[in-house]
Amino acid sequence: MNITLQVNGVPRTVDVDPRISLLDLLRERLGLIGAKKGCDHGQCGACTVLIDGRRANACLALAVAVDGSEVTTVEGLAADGELHPLQSAFMEHDAFQCGYCTPGQLCSAAGMLGEPGPSAVTGDILVDPDLTPEEISERMSGNLCRCGAYVNIVSAIGEVAR
Amino acid sequence: MNRTEGRVKVTGLATYAAEYPVENVAYAYAVQAQIAKGRVKRVDGTAALEQPGVLAVLSCEAAPRLSGDADPELALFQSREVAYRGQIVAAVVADTYEIARAAAAAVRVDYDADDHDVRLSADHPGLYQPETVNPDLPSETQKGDVEEGLARAERSVDVTYRTPVLHNNPMEPHAALASWDTEGRLLVYDTSQGVTASRATIAQTLGLPPEQVRVVARHVGGGFGSKGTTRPQAILAALASRMVGRPVKIVLTRQQMFDVTGYRTPTIQRVRLGVDAEGRLTALEHMAYEQSSTLVEFAEQTSTPSRVMYAAPALRTGHRLVRLDVATPSWMRAPGECPGMYALESAMDELAYAAGLDPVELRVRNDPETEPDSGLPFSSRNLVGCLREGAHRFGWEHRDPTPGIRREGEWLIGTGVAASTYPTRRWPSQAVVTTRDGDFLVQLAAADIGTGARTVLARIAAGVLGVAPERVHVELGDSDLPQAPLAGGSMGTASWGTAVVRACEELMRDGKEGRADTTEEIKADAKLARHAFGAQFAQVRVSSVTGEIRVSRLLGVFAAGRIVDATLARSQFLGGMTMGLGMALMEETVTDEEFGGFLHRDLAQYHVPACADAQHVEAVWLDERDDRLNPMGSKGIGEIGIVGTAAAIGNAVHHATGHRIRELPITPAKILALRP
Amino acid sequence: MKPFEYARAGSTAEAVRDFGPGTMYLGGGTNLVDLMRLGVAEPERLVDVSRLPLDGIEPVGDRVRVGATVRNTDLAADPLIRTRYPMLARAVLAGASGQVRNVATVAGNLLQRTRCAYFQDVTRPCNKRRPGSGCPAVAGDHANLAVLGTSGACVATHPSDMAVALAALDAQVHVTGPGGDRIIPMPGLHRLPGEEPERDTVLSPGDLITSVELPPPPPGASLYRKVRERASFAFALVSIAAVLDVGADGDVADCRIALGGVAHVPWRAERAERALIGGPATGEAFLQAAEAELEQARPLPRNAFKVPLARNLIVAALEELAP
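Protein chains in written order, with the working numbering: chain A, 1 to 162; chain B, 1 to 676; chain C, 1 to 323.
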């Protein structure tokens with residue numbers, strides 16, 4: 001099947017096997033290795049990309065099902081060589097070690113900052129809360145980091161959220 | 001200076017094993033045994049081979065010969081015997097991943113199954129005493145008379161702890177990308193904690209001279225020991241690539257990783273401690289029961305930290321192993337120290353309560369002058385300093401030791417302490433440093449698995465060369481570079497750093513180039529007890545309604561020699577402690593007694609800590625000088641962070657609830673079982 | 001994954017028309033793609049319904065209609081839902097991760113399948129996946145499986161949080177299908193395993209959920225609480241959706257209790273509700289009601305903790321809600 005995606009602003013038309021995930025399409029066909037395969041089941045968040053501006057697990061999306069979408073990967077976060085503030089903050093806060101979950105953390109954080117509404121830890125559900133460390137921690141819990149860089153991840157995102 | 005490879009990591013440009021752009025790559029997918037013990041009767045790949053795009057099926061019925069002395073976990077397809085459920089028995093190679101995976105499901109394997117035995121118990125008839133334990137330590141040690149010591153004790157404890165099967169679960173799955181050139185030279189991009197050793201193993205397994213093999217691992221997405229030994233994906237990729245005449249890539253699924261990339265053995269540990277009226281130990285006995293496979297003896301050194309920790313006139317440690325129809329356990333962050341210190345430090349807390357002593361004070365009183373088992377002097381030992389500093393920072397002096405009395409609403413609150421320790425070792429390494437365009441290039445086959453090796457080695461070199469660290473470039477992760485030991489055993493920085501220092505010193509003399517090989521230097525090391533120490537303090541909240549446990553504070557204080565890079569060191573300590581939090585409260589792989597193998601083989605069932613679990617983790621360190629270790633005066637820090645965490649949290653749970661749970665992980669189910 | 005055909009439906013009518021043997025509807029895919037990759041689901045044809053115009057949340061009189069393809073995130077963030085059905089918003093927010101909630105649909109959430117380890121592993125027996133092959137969980141790993149409404153054939157749980165809140169709210173599931181349109185009141189969508197654990201719901205082949213209608217919110221205070229050993233991103237050990245309305249006389253005027261993580265269905269605790277309504281809103285009454293409900297529990301050795309956990313949760317929830 002032929003599908004067309006806007007990947008990091010560039011239209012890409014590809015003939016795909018309906019079985020291929022968006023993640024494998026990016027990594028194996030389009031040469032974009034930023035989105036990582038950690039579990040292939042939506043359980044770790046390493047593959048997080050933005051689909052039409054919203055963070056999503058690229059491993060759980062069939063490529064054919066996102067035909068026509070805009071996809072932003074970590075490679076697309078930096079504009080014209082200028083790092084995204086989250087990317088700089090991750091470096092400054094040492095918010096990663098092995099780096100494998102990092103692209104997913106970054107895309108997830110970028111998406112999360114634009115997500116309105118309460119979270120599971122919000123006190124008053126009618127009020128959109130400030131992004132306190134507790135709120136960030138809850139909202140970022142879909143991105144596992146086995147190196148255990150969480151404390152630094154939260155401080156990095158907190159700096160950008162302010 | 002931030003991590004030197006930070007920019008490529010945050011922009012998604014860092015290449016991990018499966019990510020090198022290679023033309024015409026084919027994909028391999030492994031087929032795993034569906035019995036726990038027996039023999040492969042027949043492998044029928046017909047249906048798989050009929051599918052368009054399938055290139056080959058490998059199995060014991062169609063595989064090239066491997067070297068006869070290959071590690072049995074790597075001797076793919078060389079035998080029909082099945083040693084555990086999940087063992088690789090066949091593989092499919094195809095044009096795409098989707099085709100390979102679907103075809104693998106169509107490979108039919110018939111078995112003759114035998115009865116299996118996968119259950120570890122402390123009275124298993126197959127238990128025996130291994131000759132040595134990992135890495136090469138005596139299995140059993142004895143000093144003084146434990147029975148006599150216990151008999152004269154004022155107070156004593158005799159307690160048994162259990163830890164479950166634990167899986168390393170690095171975020172990057174084990175992967176390999178192999179290709180052969182026209183001269184028969186093999187190139188493997190592998191997920192490896194040490195390319196020098198990996199090259200040797202791959203060459204040996206395939207029966208090739210080492211110089212015909214090159215292993216590259218520029219970036220490694222975590223390993224925690226599971227990539228310290230060569231894993232079957234590297235061999236499978238090489239075999240498959242040779243068979244189909246194309247580069248072959250294999251990425252194990254998360255589920256497959258649980259089966260074939262190692263795990264921490266479950267343990268059953270009995271600890272007996274006696275203390276006199278002055279709070280001094282009269283006896284310490286620590287026995288560990290653990291498992292290995294029928295293929296390979298891997299005996300985790302679980303009771304060895306008890307040889308190091310406390311001054312006891314009677315001291316006995318030992319290990320018993322049983323060979324089960326399971327995969328071979330292997331290294332997971334702080335093998336030995338991590339599970340062993342969970343038991344010892346939990347038992348010390350129990351003893352403190354039995355003796356009416358403060359748990360910090362009990363440890364201080366029993367701090368030894370020399371290494372208890374060997375009698376060797378310590379190169380440095382600052383456990384007491386860590387305990388004191390931690391107690392001060394944590395507000396320990398205000399602690400009421402009475403368990404089960406602090407409450408905020410439904411939440412019971414408690415605090416606990418435990419000690420940490422990890423050996424400080426180094427291995428011979430080579431390194432080369434050259435000048436390049438006014439800057440300096442350091443080259444060695446070291447690995448950066450997330451520790452920040454490039455950054456640390458640049459700092460070390462810069463210190464010797466007297467230049468800014470930004471002017472030093474470090475190239476590693478390639479077996480064509482000067483030989484270097486693994487990133488493992490918390491030895492990386494000490495081993496590589498020594499070689500880098502010597503190479504830089506040589507360059508300062510030579511002006512252009514310095515080469516070092518530290519084999520002789522390390523041989524001449526004095527006999528000393530070399531260990532890092534630490535103290536961890538935990539505060540937990542335990543819901544009396546749900547049994548949920550949340551860690552509201554975790555503080556680690558470490559004495560680990562000179563800290564070469566404060567930012568990276570803090571990250572390492574925090575990471576180890578976070579993994580220790582997981583061990584304490586959630587991590588557990590379930591062994592399937594009925595069918596063999598493991599259950600919970602994914603990250604939705606095997607829970608590692610999420611961001612919300614680790615909000616209040618702090619790590620600090622003492623300024624420790626130790627000039628007898630290596631030119632940097634550094635101690636390894638990759639593993640000590642996980643040592644003691646589970647005990648500190650378990651001790652805090654006791655302080656909160658008044659109950660001891662002696663089996664990890666400490667879950668709501670176990671808390672609720674306390675209060676029917 | 002076996003090869004399959006993929007088609008995107010242009011309308012609900014077209015989706016239903018396109019449904020044939022071997023067909024499955026694809027919503028957000030967060031569970032179906034996962035199960036296809038495991039070989040648990042092997043559709044020959046996928047009809048993608050995720051872009052059908054069923055993504056609205058709108059008031060209909062004193063009720064609210066939530067379209068089947070509304071994403072979990074949008075449901076939880078919707079002002080109408082947050083204001084009128086905060087328990088539902090909380091339940092949705094308690095589930096999965098931000099990424100999954102951004103994609104998972106309301107209908108897909110209802111139709112997600114059990115997370116039992118045996119169900120997910122095609123190399124092991126499972127009556128739900130391969131009818132008649134046996135249920136190894138009963139003697140094996142069942143630590144997070146069901147204690148209520150189980151059968152000898154299956155002890156699986158339904159993993160949803162959202163469905164638990166919907167069960168407590170008496171939500172109505174609107175379905176279209178080859179047999180026409182119908183409305184299924186919650187918690188009646190899901191069925192107990194009995195001797196046919198392969199059937200999770202009462203839906204027939206080709207049935208397509210089009211919306212979920214929420215009746216006016218019940219009077220009283222409500223909450224959703226989820227228990228898990230990991231602080232986030234984990235399925236419930238047990239969860240509870242509860243509504244309590246206490247009259248001026250101090251007696252319980254109305255009460256709704258639904259439990260998650262304990263059964264093959266979102267479990268409406270009707271016995272407890274009956275025991276409470278008309279009686280005093282006291283801790284003692286709450287405990288008696290919880291025990292009345294849990295008398296029916298048939299725990300196994302490793303999930304027996306769920307009985308005291310559910311009891312404690314019911315009592316704690318009602319105490320929190322009582323004025």
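Quick caveat, the hints were computed from the structure, so don't treat them as lab data. It is possible that some hints are incorrect.
What the hints assert, rightly or not - Each computed DMTMM-like pair below joins lysine to aspartate or glutamate, with the alpha-carbon atoms no more than 20 Å apart:
1) B:Lys523 <-> B:Glu618
2) B:Lys143 <-> B:Glu297
3) C:Lys2 <-> A:Asp17
4) B:Lys41 <-> B:Asp112
5) C:Lys2 <-> B:Asp112
6) C:Lys2 <-> A:Asp15
Because the structure is a prediction, the values reported are computed rather than measured.
Against the structure, the hints:
no., hint, result
1, B:Lys523 <-> B:Glu618, "violated (37 Å)"
2, B:Lys143 <-> B:Glu297, "violated (27 Å)"
3, C:Lys2 <-> A:Asp17, "holds (11 Å)"
4, B:Lys41 <-> B:Asp112, "holds (6 Å)"
5, C:Lys2 <-> B:Asp112, "violated (28 Å)"
6, C:Lys2 <-> A:Asp15, "holds (18 Å)"
In summary, the numbered hints that this structure violates are 1, 2 and 5.
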